[in-house]
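Q: Going down the list, the protein sequences come from chains A and B. Position 395 of the first sequence, counted from 1, bears residue number 486 in this note's numbering, the numbering being contiguous throughout. Position 53 of the second sequence, counted from 1, bears residue number 106 in this note's numbering, the numbering being contiguous throughout.
Keep in mind that the hints were calculated from the coordinates and are not lab data. One or more hints might be untrue.
FRET-style restraints, in silico, Cβ to Cβ [stated by the list, open to error]:
#1 Glu-223(B) - Thr-361(A): 47 to 53 Å
#2 Pro-262(B) - Ile-333(A): 46 to 52 Å
#3 Ser-508(A) - Ala-109(B): 40 to 46 Å
#4 Ala-170(B) - His-423(A): 35 to 41 Å
The structure displayed is predicted, hence computed values, not measured ones. Each residue gets a CB set at the ideal place from its N, CA and C atoms; glycine is no exception.
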Amino acid sequence: MRMGTQSSFCGKSPWSKWYLTAALVLVFLVLSGSQDANALPAFARKYGLRCSACHESWPMLNYFGQKFKDNGYQLMNDRDAPIWQNPGYWPVTFRIIPIWHRVSTGKVAVDQGTGIARVTTSGFDISGLDFHTGGTLEKNFSFYVLPSSDATASFHFETVMARLDNLFGSPWLNIKLGKFELDNLLSEKRILTLTGNGGIYQLYHFTPVGDGNIFGQMGDNQLGAELMGHSYNDRTRYSAAILSSTDGNVGLPYGNAYTGYFAFSQAFDTGKLGVDRIGAYAMIGQAPTYYLTQAGTPLAGSGISNKSFHREGFVGQFYFGQHLDLQVVTQHGWDNMWFGQGYGDLIGGTVTGNNLPGTTLPAGSQAPTWNGVLFEPHYVYSPQLIFIGRYETIRMSRQANGAGSASPSASNLGNISTYTVGFRYNPFMTSRAGFAWHNEYNWLHQDGTGPLIGLSTSNVNTSELLTGFDFDF
Amino acid sequence: MDNLKRVHFFSAILSFVLAAGFTAVRAQDAPDVGPHPPQPVKAMESHIGNIAGHSAGGKSDYRRYCAGCHGDLGDGNGENAVWLDPKPRNFTLATFKCRSTLTGTLPTDEDLFNTIARGLTNSNMPIWNTFTKQQRADLVAYIKTFSPRWEKEKPGDAIKIPAEPPVTIESISHGKALFTKLECWKCHGPQGKGDGPSAATLTDSQDNPIRPYNFAGGGDDSRFKCGSTNSDIYKIFITGVDGTPMPSFADVIQPNDAWDLVHFLRTLQVKRHSKENDVLKAAGGAIPAYVEKQAAAPASQSENRPAAPASQSENRAAGGGN
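From just these sequences and the hints, can you work out the full model?
A: Printed below as a string of structure tokens:
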């Protein structure tokens with residue numbers, strides 16, 4: 092494939108050369124026309140800092156922005172209490188993204204023809220609307236509320252949390268309560284990509300094929316309480332959270348199960364390279380597999396017979412001067428074999444299996460495990476122009492249906508590989524609004540999840556090209 | 054062939070998108086360009102320990118982190134400056150508050166280096182201790198490109214800070230007497246609350262209103278603009294805070310007197326745990342009247358010297374902003 096593409100450029104088509112040359116010229120012109128960033132809504136309005144002070148590229152935080160967040164959205168310069176806010180300040184930012192995108196999915200089961208087709212569609216679209224509101228209620232009392240809608244304006248609360256900062260005068264003691272993003276160094280909520288598959292970190296949401304455990308998704312905001320602390324300069328950070336095993340769903344829909352999330356990281360001054368950081372995380376929890384029923388319908392909140400799961404890995408943030416950085420996350424995942432056999436989220440309808448008394452697992456069942464890694468390099472030409480790349484791969488190391496099973500799974504069932512490339516350009520940013528022209532391409536490959544072709548499952552390739560205006564005000 | 058079509062397709066998409074974006078960028082550039090930073094007259098360097106900073110290395114970080122307030126031209130007129138109080142530093146004047154050098158002289162590279170990391174409390178200047186030392190050194194060098202003073206003058210010599218004598222109730226008492234004699238209370242107020250009779254009239258060298266420090270306002274974590282230790286307070290007496298009405302007392306106060314004044318000022322920070330407050334508490338919580346018999350002691354010789362400069366205009370002559 093790669094060789095074929097190269098040969099196309101090298102000799103077969105003058106048009107290819109023309110397009111490539113034109114594209115490179117335009118890229119150069121765009122680069123030469125870029126300026127540095129100005130400011131960001133909400134917090135920038137309060138503090139008068141350019142958005143680039145806190146964001147590598149909005150919304151992704153840089154080190155200073157991470158410290159600001161860890162301090163409870165405070166600069167710690169005695170100007171954090173609301174009394175210092177300009178009376179005209181309103182701590183709200185709206186964000187919405189009109190786009191054009193082209194999505195192509197292979198190996199879709201259809202009624203026509205051979206029963207399998209590639210479905211390609213394109214057109215104009217919009218994202219949902221986010222209302223970001225956050226800041227301080229008083230010095231060392233912080234909050235963040237984020238009502239968020241889908242594209243049809245159906246709202247939910249993505250984030251609702253209050254935080255007590257610097258308890259006993261120590262940055263090592265901060266307590267947060269509510270629904271919030273887990274302390275992921277590489278934040279999915281601040282991801283720089285927008286496509287359906289590239290707009291999330293696959294590693295943060297992976298579940299093996301047929302697995303019923305939705306509760307280990309690190310990328311979803313969760314309900315719980317978090318104890319977090321950091322050194323004065325934020326070089327050293329830790330967090331420990333206790334979460335309801337509900338995947339952030341409100342109303343206690345599952346049962347009495349909890350999950351712990353722990354993270355630790357240490358940053359190092361590497362001279363001219365920058366401040367590099369390495370860390371580790373672990374998510375260890377339980378979730379129900381057995382629900383009481385009422386007229387055959389699972390009863391919300393009745394979940395028992397909790398089973399375990401865990402994910403753990405390392406995180407690295409490596410900077411190579413002012414323009415280039417590489418973010419790395421690894422993960423090892425393990426689910427109890429009950430989850431692997433399709434027990435777990437019966438309330439949400441992910442699975443149908445109910446671990447009623449007397450239920451036994453089929454022969455050959457085993458706890459599924461997997462390993463994954465993601466690499467995300469950024470080239471920050473200026474705070475207004477960033478190029479993004481990402482490669483993620485997840486490989487199953489043990490399938491739920493092992494060799495002793497009646498129908499053992501292929502060893503590669505559910506494996507994922509995905510590439511994302513793109514760039515974001517902010518032609519202007521002021522202290523009242525932000526605007527990014529976003530361009531992105533994502534390609535995702537998953538083994539064995541397509542329809543049967545003969546006796547074999549097929550692999551699915553999905554690609555998406557997206558261009559749009561990501562703006563906030 | 055399929056590959057060729059794919060290349061054509063994506064090349065066309067890329068070209069279209071880039072062309073559209075380029076047009077949009079060009080159309081919107083003009084109103085938002087603002088002043089571009091001038092090319093440095095001369096590349097500057099900074100030297101902090103064994104770290105050498107270069108202005109070329111600091112330019113990008115300056116525009117990313119600093120220019121919003123201090124301005125692309127370093128003149129303190131960033132787009133957010135209008136909303137800030139105190140106003141951002143005007144680097145073109147090369148007048149700085151926090152120095153280890155005598156009043157009117159340029160600060161050392163290390164002074165600027167430390168100010169960046171420490172931030173300036175009671176202002177919008179954050180604590181930039183997230184930078185690497187190299188980044189800070191580069192920023193110091195870049196800041197020096199804004200004023201020709203850095204080419205014509207050398208930084209002053211750093212003052213020597215003698216060892217701090219023990220805190221005693223006598224030193225606190227003497228410090229209080231000095232606080233009165235040197236008329237510190239006129240600006241800072243009798244209880245150090247920043248509410249002295251002159252407080253409302255104070256302006257900096259650029260005629261912006263300025264408030265004297267409120268010693269009583271902070272908690273246990275209270276800081277001063279130029280540091281948080283006793284040595285930092287001592288340094289402020291000797292160097293003054295250029296560009297503000299706070300004068301240098303280098304010529305009118307002896308080292309031991311300055312330390313006594315430091316000890317007394319700590320007691321004005323009533324919410325802060327300190328050895329000075331412990332000594333005061335042990336002495337019954339009241340500062341005894343200063344006994345004149347110590348007037349003959351060497352430590353009090355300064356009391357016979359001329360009083361500190363009182364003229365605001367004289368103090369402001371040092372130049373600078375807030």
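Q: Which of the stated hints cannot be reconciled with the structure, identified by number in ascending sequence?
A: none
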